[in-house]
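Asker: Each chain, letter by letter, is given below.
2 protein chains.
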Amino acid sequence: MEITKLEPKERRGLVVVLTGHGKGKTTSAMGMVLRASGHGMRVCIIQFMKGDLYSGEWDGVKLLGDRVELHVTGKGFCGIQGNPYPYDEHRRNAQDAIALALEKLRSDQFDLMVLDEINNALQLKLVDLQQVMAILDARPQGLHLVLTGRDAHPDVIERADTASRVDEIKHAYRRDIEPQPGIDY
Amino acid sequence: MEITKLEPKERRGLVVVLTGHGKGKTTSAMGMVLRASGHGMRVCIIQFMKGDLYSGEWDGVKLLGDRVELHVTGKGFCGIQGNPYPYDEHRRNAQDAIALALEKLRSDQFDLMVLDEINNALQLKLVDLQQVMAILDARPQGLHLVLTGRDAHPDVIERADTASRVDEIKHAYRRDIEPQPGIDY
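Sequence lines, in order, name chains A and B. Start counting at 1 in the first sequence, then tack on 12, and there's your number in my numbering. Start counting at 1 in the second sequence, then tack on 12, and there's your number in my numbering.
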């Protein structure tokens, strides 16, 4: 069988938003990282909220080689029961993450940037709408930018080329099944 | 900061269904492949429908090493305009894919299996409901099984531990933006 390899007449970076309350937003962003790596693209991932809980993707992306950078800037989910860090510390971390994202965008060394859970960070006021808009404005035309997290701001969705809402049909934790490696983290 | 590494009291394989018409189902499955690889898990991916169009994940998974197997058994989307293969040929391929899935399940050599677009294959009658149920029945208790594709059958969702529906909020192709490498393929 003949395999067609598409090549768009015009290559352009897309803004992709993954939102909703179901499982599959960060996961989908990681799938794009895998796919982009297959194309030899250079990837920068900045995780805004995660950081206190190990996730398999941290070691997974190492397997993809040094074209993928992963920055874990968060200290876990702000406001979630059991998270010991005060709001100010979460905000300071998220602010550092914004500065890092702008620096990485401006370096023009990447083909794909993932801002993981930035939608949550915005909703929790750890970052400001105008900061997210500044990132969208600073994006080089050829760079894919993926923004994940529940409750995406309408102005962010407005700027997206492609946006999906992932809704929960069912989830194992509702039947008291513990998070499982490989799937949940 | 201290990083917690979760370990469930009981490790168990989960059945995960990703359905809906939005972007992010196969992509999310690929994210689980990346995550599972980070945990050192062995992965088997069988793509039921794709095959005639190159996708970056084919080379992406090679970077993950020989713990990941990818089988592309399809000849493209049956019934989609421009696909030149007759129904019988699509059905024969999908039947081979089912046999392969059962063989791989029974080998007990994998921690994660992805049956990509199997929901579509079922909906298009390239495979039968009882065949998908037989796969669910044959699954070793410790194996994660991920089934993707639009229009998942209710009986399949019934068997899932976790199921998400990915809906389209917007998609670049509706504004005549061509598919872009790294994001769309």
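Some clues are possibly wrong.
Each pair may be met inside one copy or between any two copies, as identical chains are not told apart.
[Said to hold, decoys possible] For lysine-lysine, the following DSSO-like pairs were computed, each having C-alpha atoms within a straight-line distance of at most 30 Å: (1) LYS137 x LYS21; (2) LYS116 x LYS137; (3) LYS62 x LYS137; (4) LYS21 x LYS87.
If you are wondering where the hints come from, they were derived from the structure by calculation, not from laboratory data.
Asker: Looking back at the hints listed earlier, which ones does the structure fail to meet?
Answerer: Hint check: 1 fails alone, others pass.
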